[in-house]
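J.: Going down the list, the sequences are from chains U and E. Numbering-wise (my numbering), the first sequence opens with residue 1 and increments by one. Numbering-wise (my numbering), the second sequence opens with residue 1001 and increments by one.
No lab work stands behind these hints: they were computed from the structure. Small disclaimer: the values here were computed from a predicted structure and weren't measured. Take these hints with a grain of salt, some might be off.
Residues from chain E that keep clear of chain U, each with C-beta distances beyond 10 Å, as calculated [said to hold, decoys possible]:
id: 1; residue: ASP1005
id: 2; residue: ALA1006
id: 3; residue: THR1015
id: 4; residue: GLN1021
id: 5; residue: SER1030
id: 6; residue: PHE1037
id: 7; residue: SER1039
id: 8; residue: PRO1042
id: 9; residue: VAL1044
id: 10; residue: LEU1048
id: 11; residue: ARG1052
id: 12; residue: ILE1086
So the derived label-pair ranges between C-beta atoms look like this [to be verified]:
id: 13; chain 1: U; residue 1: ALA66; chain 2: E; residue 2: PHE1008; range: 36 to 44 Å
id: 14; chain 1: U; residue 1: ASN289; chain 2: E; residue 2: SER1045; range: 37 to 45 Å
id: 15; chain 1: U; residue 1: LEU55; chain 2: E; residue 2: ALA1012; range: 48 to 56 Å
id: 16; chain 1: U; residue 1: ALA66; chain 2: E; residue 2: ALA1012; range: 41 to 49 Å
id: 17; chain 1: E; residue 1: PRO1042; chain 2: U; residue 2: GLY341; range: 44 to 52 Å
id: 18; chain 1: E; residue 1: GLU1060; chain 2: U; residue 2: MET31; range: 54 to 62 Å
id: 19; chain 1: U; residue 1: ALA101; chain 2: E; residue 2: PHE1008; range: 26 to 34 Å
id: 20; chain 1: E; residue 1: GLN1021; chain 2: U; residue 2: LEU27; range: 53 to 61 Å
id: 21; chain 1: U; residue 1: LYS557; chain 2: E; residue 2: PRO1014; range: 44 to 52 Å
C-beta: ideal position from N, C-alpha, C; glycine also.
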Amino acid sequence: MESATDRWIPPLLIVAAIVASMASAPLLPAMVVIDFERLVPFAAGASAEAAPRWLLLYTAPALSLALWLLFRFFPTRAGGRLARTMFRNAPETVTSPNQFARFGRTYEIIVLGVVTLVLGVHAGLLAAALGANDVAMRAIPAVFGAALVMMGNVFPRLKPNWVAGIRTRHTLAGPELWRKTHRSFGAAFVAAGLVTIATAMIAPRFGLLVGTAAVLAACIMGFVVSRPGRIVAPAVLALVSAFASDLSAQMAPIAQIVELPTPATVVESPYDFSRDGFVIHGTLAQPANLADGIPVVVIVAGSGPTDRNANGPLVNTNAYAMLAWALAEHGIASLRYDKRGIGQSAAPKNADPTTLTLDAYVADLHAAAQALARDARFSSVSFLGHSEGAGLSIQAANRGAPVSRVIMVSPQGRKLRDLVREQFARVTDSSTVARIDTAFSRMLRGEDPGEVPPIARGFLVPATANFLRSFAAYDPPAEVRRFTGPLLIMHGATDIQTTMEDARILAAAQPRATLVELPGVNHVLKEIESTSPQQQLASYRDPHMPLAPSVATAVVKWIEAQQGVAPDGSGGAP
Amino acid sequence: MVRPDAVFKALADPTRREILQLLRPGPRSSGEIAEHFTSAWPTVSRHLAVLRDAELVTAERDGSTIRYELNTTVFQDAVEHLLTWIEPGGPNGKRNR
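Take the sequences, apply the hints, and build the full model.
T.: Right under this line is the structure:
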């Protein structure tokens, strides 16, 4: 360990304390009386009681030795096993002995701080017993304060662990929340220490009292800061994007959505279609150098309030716009649209939100396919649905929408009910998941959901019961089994929302389907190797990050193969 | 133990303080850090090395990239803020003008 020197200071201090005690022994009577009167600002009655000499001399050194041995035991493998039994729901890394190596020096400083606290009090008591009261009354609170400052200073360097810091279920599960908590907690601890030292100098009698109160205040503050934010789910399906709670805490709505300019190689024009008198607004992207007789792809957006470009209050990736442009550069036109109720296709103010169901989205997509099929400019119509859009695509195709083929990108492979259980299980305990499940079942039966755990209140909104019901009825493998046309299933390997497993379930349900795995691609179709939530989240909100090239390549190759055209991979010559 | 002057030297440079600011919300890869600066990668890389030697950031390998994480103490944070405030032009004054 790099911190070899820090590591041996506490045992040396303990030895020094024992030596000091032994040296003091002959100077003290067999029974000693400690005068607490000047250490606290009130009358301490017990001081008249005499205690055996050894109690005063060896209690604190023994305590510090025991603590030090414990601190040495915690990072061992046996310590890890103990941690597993104590923190059953915490992530594996938190209880792993290896985790301590990530903040080794900080750990040693905290060990030193704890030992110093105990021995500081010991030194003060010893001084008091030897008659050096003036020293004692200042030294005890001052050392106490100094130990607080020393420890608080390095709290921000702690990594999630089970020994030191504010260890709640939420902080242990979310590194982001852990960091935020310990930055504030450390500052509060340092402040508590400084206040204690100042008090020790100015009003020594209040030192210990103020110090204790300040530490308590710092700890309370730490716990308050560590409370996670509620899962943000402004639209029903942000659930399918329900992240770990620590991330949602920082998922503030995006203030300014950044859109990108259309490249010169692509011509874009508004393309609207309507169903039952409701107009849905979209954008048609075509290659600048090509006219007629080319395939057109309908890009169907994913869950939540995501618009035609893959932007909204929670995400700003421009992924669908980038995909449309990449397809156009390979001679494929595309339509992307704002789903009913979103963006330009916003519902009228007096619209009844309870009428919005998944079936309405499916019917809208059907209408889009009909409009494009009638359009003489296009040789064939394909659906390319992303996430929730993949479900809409396969359902619309099964209900007779005039499409030649379906591409499901990052689809869900299981029913909503299972997905909900799995996603909440990642962020909360099993009894809460069971309560959410019960409330969900009641809602699906059309009953009052009853008491909904706070974490799920953004998701189980009574006004969206109809939408949830229609969504819960969607059975992905069954729909895929029914579809007999050409089907491409694509999934990113580093997707942390729906997983490769979902794609495999679907591919297994339909042997004629083509399954393409995209290495290093995440749910929002960007290249991210890491599955750490923080890094993933950054890509959800980076409007400039390019689309993973493998996404467009896979689509282009597959469509060209479907049409019997050799893939040329270049800029779509006629 | 890192010598205090190494820490002060590291904190004295506005670009390095900007890197620390960038890392405040959470860890970032070297590529993400480089994207935020107009200077060439070797320059950014040198700044990162200074910060790492002063133990103001930690670097951990994450697959094919290196992940930098803020590792400042409470006092180092305070010094960083102080230096930012006494900078001519006030906080952010120098770079965002």
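J.: Taking the hints in turn, state whether each one holds.
T.: Quick rundown of the hints versus the structure:
Interface exclusion of ASP1005 (chain E) from chain U stands, the closest Cβ pair being 18 Å apart, more than 10 Å. Once the 10 Å rule is applied to beta carbons, ALA1006 (chain E) is consistent with being away from chain U; the minimum gap is 15 Å. The beta carbon of THR1015 (chain E) is kept farther than 10 Å from every beta carbon of chain U, the shortest such distance being approximately 21 Å. Listed as outside the interface, GLN1021 (chain E) is consistent with that label: its C-beta sits roughly 13 Å from the nearest C-beta of chain U, beyond the 10 Å cut-off.
The claim that SER1030 (chain E) is not at the interface with chain U holds, since no C-beta of that chain comes within 10 Å of its own (minimum 12 Å). For PHE1037 (chain E), the non-interface assignment is confirmed: its Cβ lies about 15 Å from the closest Cβ of chain U, beyond the 10 Å cut-off. At roughly 19 Å from the closest C-beta of chain U, the C-beta of SER1039 (chain E) stays outside 10 Å, upholding its exclusion from the interface. Its beta-carbon lying about 23 Å from the closest one in chain U, PRO1042 (chain E) satisfies the requirement of being farther than 10 Å from that chain.
The claim that VAL1044 (chain E) is not at the interface with chain U holds, since no C-beta of that chain comes within 10 Å of its own (minimum 18 Å). Every beta carbon of chain U lies more than 10 Å from that of LEU1048 (chain E), the smallest distance being close to 17 Å; the non-interface claim holds. With a least CB separation of 14 Å from chain U, ARG1052 (chain E) remains clear of the 10 Å interface cut-off, as annotated. Non-interface status of ILE1086 (chain E) relative to chain U is upheld: no Cβ of that chain comes within 10 Å, the nearest being about 20 Å off.
Distance hint check: the CB atoms of ALA66 (chain U) and PHE1008 (chain E) are about 39 Å apart, consistent with the given range 36 to 44 Å. Separation of ASN289 (chain U) from SER1045 (chain E) is about 42 Å and conforms to the stated range, judged on CB atoms against 37 to 45 Å. Between LEU55 (chain U) and ALA1012 (chain E) the beta carbons are some 53 Å apart, a value that agrees with the proposed interval 48 to 56 Å. Distance hint check for ALA66 (chain U) and ALA1012 (chain E): the Cβ-Cβ separation is about 44 Å, which falls inside the suggested range of 41 to 49 Å.
Here the CB-CB span from PRO1042 (chain E) to GLY341 (chain U) is close to 50 Å, well matched to the stated 44 to 52 Å. With their beta carbons about 57 Å apart, GLU1060 (chain E) and MET31 (chain U) fall inside the hinted range of 54 to 62 Å. Taking 26 to 34 Å as the suggested C-beta distance range, the pair ALA101 (chain U) and PHE1008 (chain E) conforms, at roughly 28 Å. At roughly 57 Å, the beta-carbon separation of GLN1021 (chain E) and LEU27 (chain U) lies within the given 53 to 61 Å, and the hint holds.
Taking the beta carbon of each, LYS557 (chain U) and PRO1014 (chain E) are about 48 Å apart, inside 44 to 52 Å as hinted.
When the structure is compared with the earlier hints, no violation turns up for any of them.
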